[in-house]
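K.L.:
Residue numbers (numbering that gives the first Met the number 0), protein chains in the order written: chain A, 0 to 403; chain B, 0 to 131.
Because the hints were derived from the structure by calculation, they are not lab data.
Warning: the hint list may mix true and false statements.
To be verified - Under 8 Å between C-beta atoms, here's a sample of chain B residues computed to sit facing chain A:
id : residue
1  : ALA29
2  : ASP33
3  : LYS58
4  : CYS94
Unchecked claim - Negatives, chain A to chain B, calculated, CB over 12 Å:
id : residue
5  : ALA5
6  : GLY124
7  : ALA166
Note that CB positions come from ideal geometry on N, CA and C, so glycine has one too.
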Amino acid sequence: MAAQIASDSVWVVGAHMTRFARFPDQDLIDLASESAMGALADGRVTVGDIDVLACGSLFEASGAVGQRLQKQIGQTGVPVYNVANACATGATAVRTVMMAIGSGEAQIGLAVGVEKMGKMGLLGGATKKEKQVFEPSGRYGAVTGVDGYLGTATMPGVFAQAGMAYAHDHDGVGFEQFARVAYKNHLNSTLNPLAQYQKEFSMGEIMESPMMSYPNTLLMCCPTGDGAAAVVLVSGERLASMPTDVRRRAVKVSASVLTSDPFTEDCQVQPDVNTLTRNAAAQAYEKAGIGPEDLDLVELHDCFATAELIHYDNLGLCEPGGAGEFIDSGGPFRDGPTPVNVSGGLISKGHPIGATGVANVYEITAHLRGEAGHRQVEGARVGLAHVIGLASACGVHILEKAAA
Amino acid sequence: MASARVPLVNYLRLEPEPHLLAQQCRSCGARFFDRRNACARCGRNDFREIPVDGRGELKSFTIVHRAAPGIPVPFVSVIVRADDGTWVRSNVVGCDPTPEAVNLGMRVRLTTYPIGADDDGTEAIAFGYEPA
Numbered sequence: 000m001a002a003q004i005a006s007d008s009v010w011v012v013g014a015h016m017t018r019f020a021r022f023p024d025q026d027l028i029d030l031a032s033e034s035a036m037g038a039l040a041d042g043r044v045t046v047g048d049i050d051v052l053a054c055g056s057l058f059e060a061s062g063a064v065g066q067r068l069q070k071q072i073g074q075t076g077v078p079v080y081n082v083a084n085a086c087a088t089g090a091t092a093v094r095t096v097m098m099a100i101g102s103g104e105a106q107i108g109l110a111v112g113v114e115k116m117g118k119m120g121l122l123g124g125a126t127k128k129e130k131q132v133f134e135p136s137g138r139y140g141a142v143t144g145v146d147g148y149l150g151t152a153t154m155p156g157v158f159a160q161a162g163m164a165y166a167h168d169h170d171g172v173g174f175e176q177f178a179r180v181a182y183k184n185h186l187n188s189t190l191n192p193l194a195q196y197q198k199e200f201s202m203g204e205i206m207e208s209p210m211m212s213y214p215n216t217l218l219m220c221c222p223t224g225d226g227a228a229a230v231v232l233v234s235g236e237r238l239a240s241m242p243t244d245v246r247r248r249a250v251k252v253s254a255s256v257l258t259s260d261p262f263t264e265d266c267q268v269q270p271d272v273n274t275l276t277r278n279a280a281a282q283a284y285e286k287a288g289i290g291p292e293d294l295d296l297v298e299l300h301d302c303f304a305t306a307e308l309i310h311y312d313n314l315g316l317c318e319p320g321g322a323g324e325f326i327d328s329g330g331p332f333r334d335g336p337t338p339v340n341v342s343g344g345l346i347s348k349g350h351p352i353g354a355t356g357v358a359n360v361y362e363i364t365a366h367l368r369g370e371a372g373h374r375q376v377e378g379a380r381v382g383l384a385h386v387i388g389l390a391s392a393c394g395v396h397i398l399e400k401a402a403a
Numbered sequence: 000m001a002s003a004r005v006p007l008v009n010y011l012r013l014e015p016e017p018h019l020l021a022q023q024c025r026s027c028g029a030r031f032f033d034r035r036n037a038c039a040r041c042g043r044n045d046f047r048e049i050p051v052d053g054r055g056e057l058k059s060f061t062i063v064h065r066a067a068p069g070i071p072v073p074f075v076s077v078i079v080r081a082d083d084g085t086w087v088r089s090n091v092v093g094c095d096p097t098p099e100a101v102n103l104g105m106r107v108r109l110t111t112y113p114i115g116a117d118d119d120g121t122e123a124i125a126f127g128y129e130p131a
C-alpha cells in the first residue's frame, strides 16, 4: 500500500478544533494548546515529531503566539512562523506548512489558528474624530474622518455592497435570497456541537432581526468569538512509514492556493472579493485536476450572507450569474447537489478570525473521514475550504479522500 | 462674514464648480484618488490630474444602520461608476435611506454639502451623489 503514496503529496493526518464560543476563563494559549495537542493526538504523533510550526492569530499578530504555544506544549527549537493575513490568517498558516513540506525542508508540520475576540462588536469603521482644526492628512488629504460621509468601512456594509453589486449585475438576487443563505447556515449549525450558535431561525426572524447594513440583518452577520483549530500535515514519504490506522484516516491535500487582489477598475474604492476568489478557485481546480461539479461539500467564507451568495458564483458552484436561483432551488442546502457550510458557516459556527481557515480544513477532513457525526455528508470524497480576508487574501484548499 | 471652506478630502475641488480630481496613469489610464507611489496596474510612475465626470450610475449600495460611535445613522453608502468610467465611493444624499427609495442602476449626479466647522470657523465640505 505504502508504495502507492506519491512522495511529493501532502496529507492531513491530525485535525482538531475547539468549540467556537466565548471562553472568559481560557486565554489565547489555552485554546491554541487544546487544538494543537488535539491535532497531534489525532495524528498519533508528538510535538517532538514536528519539523515546523505555523501559527495564525490576527489580533495578537505581534505577540509571538507560536513561541508562547511552544512554551506550553513543547520547546523543540523548530522554526516557527507567526502569520497574519486578515480573515485568511488560518489558511495562511496551513499554506505556510504546505510550502515548508513542499520545499522538502520539513516532513511533518503543525498549523494552528487561534483567536480570542470576546464580544468585540462591529468590526471596521472608525469612530468619528472630534478634530478641532481641519488640516488635511493622510493619502487622501482628509480633514476629518470620512467614514459615514464617503461610504462605509464597516464589515457588514462593505460585504453588503459586494452582494448588492452582484444583485445589480444579475437577476433574481435580493433581500430574500441573502436571508435564505443565513436560514440555511443557522439550520445546519443545529447539527454541529462545535458551533457557537446552534439555533434554527425562520426566514421571518432573520429578515426582521435588527438591520445592520441593508440587506445584512443581525442574523445574517457572523458573530465575534473565541476558538482555535489545528492540523498536522505530513509528506507522502513520511506518511508511507506511519501506522496503518493513521494512513487509513489520512486525507490528501490536492490543492493549496493563496491569492491577492489583481488590479481591477473598482478595487480602489471597494474591496473586490470576487476576482481573487475566482483566481484561487481556478488554480485550485487545475492543481487538483477536478471541477466544482466534483465537490461533495464546500466550506466557504460566509462572514455575511451577502458574501456567501456571491461566492457560489466565484467558486463555480452555480451557473454564471445564477447564485440567486442556486440558493432558491436548494443547491447549497445539506441535501442539495453541493452542500455549503454544513458546519453552520461563519454565520452560526462563528468566526474567531485566526482559527477560521484552519477550522474549515478540519471540517472538510472530518467529513472525508466519515467522522462528522450527525452533520456528516454521506459518502463525501472531495471537499473545498475557502476563506477571504480583506485587503485582500484568499485561501483555497481542496482535500480528497484517497487510499493511503 | 464669509467663513473659510475646505474640502473633506483633497481630491474634491470646490472651484470653479465642485468636481472630483483623479490621478490618471499616463501609461495605462488607471485612475486613483490617493497620493501615489506608482500605478497599481502597470507599476509606472507618471500621472496627470484629470477631472471626473460628475454624472454616473449607482452600481451598489448599502443602508448603514450600525456604525462606529459618533457617525450618524442611517445613511446610504454607495459605489458609483462615473460616466467616464471612474469608480467612486460615497453616500447618496437627498434620498430616503430605505430600500424602496434607492435603486440599483439609478442615475446620480455629484453634489456637495457642509458637514460642520472647526474651532476656527472653517467649514468642511463633503461630496455625495443625489438622484439625477
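K.L.:
All hints are to be evaluated individually against the structure, with a verdict given for each.
P.N.:
Hint-by-hint comparison with the structure:
{"no.": "1", "hint": "ALA29", "result": "7 Å, holds"}
{"no.": "2", "hint": "ASP33", "result": "4 Å, holds"}
{"no.": "3", "hint": "LYS58", "result": "6 Å, holds"}
{"no.": "4", "hint": "CYS94", "result": "13 Å, violated"}
{"no.": "5", "hint": "ALA5", "result": "39 Å, holds"}
{"no.": "6", "hint": "GLY124", "result": "4 Å, violated"}
{"no.": "7", "hint": "ALA166", "result": "6 Å, violated"}
Hints 4, 6 and 7 from the list above are not met by this structure, while the remaining hints are.
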